[in-house]
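Number of protein chains: 2
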Amino acid sequence: MFRNVLISGVGAYNPGKEVKNETIINHFRKYQLDEHVTNLLDKLGRDIRKQADDSESMIGMGVKASKEALKEAKLRAEDIDMIISATDTPQYLMPSCALMIRNELKASNATSVFDLNNNCVGMISAIDVASRYLKTDKKFKRALIVGSLHVSPFAKEDDMITYSIVGDGAAAVILESKEEEIERGLLATQMFTDDNYNDTIRFPECGLHNIVDDNLKGYDRKMQWKPFDFSFLSDKWSELVVTLLDENEYKPEHVSHYFMSQFSKDDIKVTLEKLGNNYEQATFIADKYGYTGSASPIMALNERLKKEKFKDEELIVFCSVAAGYTMQALSYKW
Amino acid sequence: MFRNVLISGVGAYNPGKEVKNETIINHFRKYQLDEHVTNLLDKLGRDIRKQADDSESMIGMGVKASKEALKEAKLRAEDIDMIISATDTPQYLMPSCALMIRNELKASNATSVFDLNNNCVGMISAIDVASRYLKTDKKFKRALIVGSLHVSPFAKEDDMITYSIVGDGAAAVILESKEEEIERGLLATQMFTDDNYNDTIRFPECGLHNIVDDNLKGYDRKMQWKPFDFSFLSDKWSELVVTLLDENEYKPEHVSHYFMSQFSKDDIKVTLEKLGNNYEQATFIADKYGYTGSASPIMALNERLKKEKFKDEELIVFCSVAAGYTMQALSYKW
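Chain order of the listed sequences is A and B.
Those letters in the first sequence? Residues 369 to 702, by my numbering.
Those letters in the second sequence? Residues 369 to 702, by my numbering.
None of these hints come from the bench; they were simulated from the model.
Remember, it's a predicted structure, so these values are computed and weren't measured experimentally.
One thing to keep in mind: the hints can contain errors.
Since the list can't tell identical chains apart, any single copy or any two copies may satisfy a pair.
Unchecked claim - 30 Å max Cα-Cα, derived BS3-like pairs, lysine-lysine:
id : residue 1 : residue 2
1  : Lys503    : Lys546
2  : Lys675    : Lys418
3  : Lys509    : Lys674
4  : Lys503    : Lys619
5  : Lys642    : Lys506
6  : Lys509    : Lys474
7  : Lys418    : Lys585
8  : Lys546    : Lys656
9  : Lys507    : Lys546
10 : Lys642    : Lys594
11 : Lys388    : Lys474
12 : Lys642    : Lys546
13 : Lys506    : Lys604
14 : Lys509    : Lys546
Extracted from the complex, chain A is given alone in its bound form (with noise of 0.2 Å):
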């Protein structure tokens, strides 16, 4: 007997509020960076990214993708054992965002709530956490992992990357144990880091510390990116993905899909192409929401478990990297 981590329901929630690519590149214009921009749209993917309004916020976004997923599970809230909130734009650092979604959810049975924050990995980081706790422990059945990014505020104006490609929007993933006679769910998982780029990405600019600083301006307080050569990606993702294979004697050619970081269209089909797969195995969906981090992985599976359900015994892979850098991958079986 088998004790399966499965994935019993997945939810999304994306703002009203739409910014077309005509905008931005029309924003970028008084930077004399239109037509660089245009370049980079077109690169990485966008077309429309959502923007929460003013009535909305992380924890809102994040009950809302929830309250799906919990449907799509045919679970009330009462059945969640576990919370984990993970985003890099936590509303509150006090007390845990994974407790007032609890709240807001009214999941009293949920004993274990916490953040977990690996910026852009983060929702991947915290299905291998949860899944840990509901294979090695009886007291976890059914744990809620939820990805809610309210970045926009946080991308300066004149910055190109940040504010041209990031989307606000939430996510959320229900896993249930099983035990089962054949192995299945989530198989391996595995994770590289080279923390050489440590300097290229920082939130807040001016350090946690100093936002409390009033000589300092809001600007100082936003994300800070220093451009930089991030070719490297498809090279150490697609060795990334072969080591997680082999871990349960699987190759390439045995995914039937992949769930990447949203971040660029193009990295993914380079990516794809060096494991002797196929762009149509990829779910890409930045172009419609734009880049929303930590969720973006399982947004894109939202999307496509929408349009078309996986058959038993598909294989599938999720894959990203976050800020520094950091990656992580997870197999999965149907």
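Chain A is already provided as a structure; the job is to place chain B on it using the hints.
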């Protein structure tokens, strides 16, 4: 054979700058709260609190504590597979503080790095998370958990509780997996959450998405603490500890020592009385360092180990509470 998770090294760092009770009491004279604060400091057990100076950072303090833990464990930074930073005052939200600590330590084999925030139970939660990896995945042999608090900048000058009780500082612990004939090391965990207190503590008070608003003051970006009755603490803690111990068929009489939240001396006393233990079985250190939140139970462990080691088979309990609130307890057998 048991795959045990053992503590192989502990370290701590406390900054040099000391703030004495006298200074705090004088400060609150202008608010006519000097008598009130004198009683509070007596009940909570404060004398001195340590504070970071301008040259110190949460990452720097965490690195110092980690180096001490490595030395205690007779390990090199390269021996570490996983780093978790557990704090509610992260220097950055991007990249993860764990990645920054990895960089400073040159822990070049730590493939897995991420941050966990569960406020004042953060290190206990992170120890529990790391132990699941060490128990389930042979890729992970040694994990470093770092709790570093740089909280003094966020205490409001007119808030009697936070301004008078907190201290900056860091603790670190190294966990190691080992196949052994007898079961020991980390035994079990219990958590309990009641989110009805979620609005009592909020940091940043304005919500993170509003820290960029230049119409707000630094004061609004600090910690909000609404006084509330937490006299339930000793009842809830003792219930949690009894349930925890019961998982391995132990009772409070079998416990040799407690490492509790260092928030309140009085609440530790009452809890231990209710458990049928006595106060001498707890290590209290907040009188000389201030309240260091997530780091505080491990800082207490470090203090105790410096004075006296535990003998084989001695049973210890870690127990704390986080904003909102959520509680966690861990049992450990030497």
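Intra- versus inter-subunit Cα pairing at 30 Å for Lys642 with Lys506: between (41 Å within a copy, 29 Å between copies)
With 30 Å as the alpha-carbon cut-off, assign the pair Lys503 and Lys546 to within, between, both or neither. Answer is both; intra-copy 9 Å and inter-copy 20 Å each pass.
First find the shortest C-alpha distance between Lys509 and Lys474 inside one copy, then the shortest across copies, and answer within, between, both or neither for a cut-off of 30 Å. For Lys509 and Lys474, only the intra-copy Cα distance (18 Å) is at most 30 Å; the inter-copy one is 38 Å.
Is the C-alpha distance from Lys642 to Lys594 at most 30 Å within one copy, between copies, in both cases, or in neither? Within one copy only: 27 Å inside, 56 Å across.
How do Lys506 and Lys604 come out at 30 Å by Cα distance, when the copy is not named: within, between, both, or neither? between (36 Å within a copy, 22 Å between copies)
Are the CA atoms of Lys509 and Lys674 at most 30 Å apart within a copy, between copies, both, or neither? Within one copy, since 25 Å is at most 30 Å while 40 Å is not.
At most 30 Å between C-alpha atoms: does Lys388 with Lys474 qualify within a copy, between copies, both, or neither? Answer is neither: 37 Å inside a copy and 43 Å across each miss the 30 Å cutoff.
Indicate which option fits the pair Lys675, Lys418 if close means a Cα-Cα distance not exceeding 30 Å: within, between, both or neither. Result: close within a single copy only, 21 Å intra versus 57 Å inter.
Up to 30 Å CA-CA - Lys546 versus Lys509, copy category: both (8 Å within a copy, 27 Å between copies)
Treating 30 Å as the Cα threshold, decide for Lys503 and Lys619: within, between, both or neither. both (25 Å within a copy, 27 Å between copies)
Reference check for the pair Lys546 and Lys656, CA-CA at most 30 Å: within, between, both, or neither? neither (35 Å within a copy, 49 Å between copies)
With identical chains, the pair Lys418 and Lys585 could be close in the same copy or across copies; at 30 Å between alpha carbons, which is it: within, between, both, or neither? both (26 Å within a copy, 29 Å between copies)
Going through the hint list in order, the structure does not satisfy hints 8, 11, 12.
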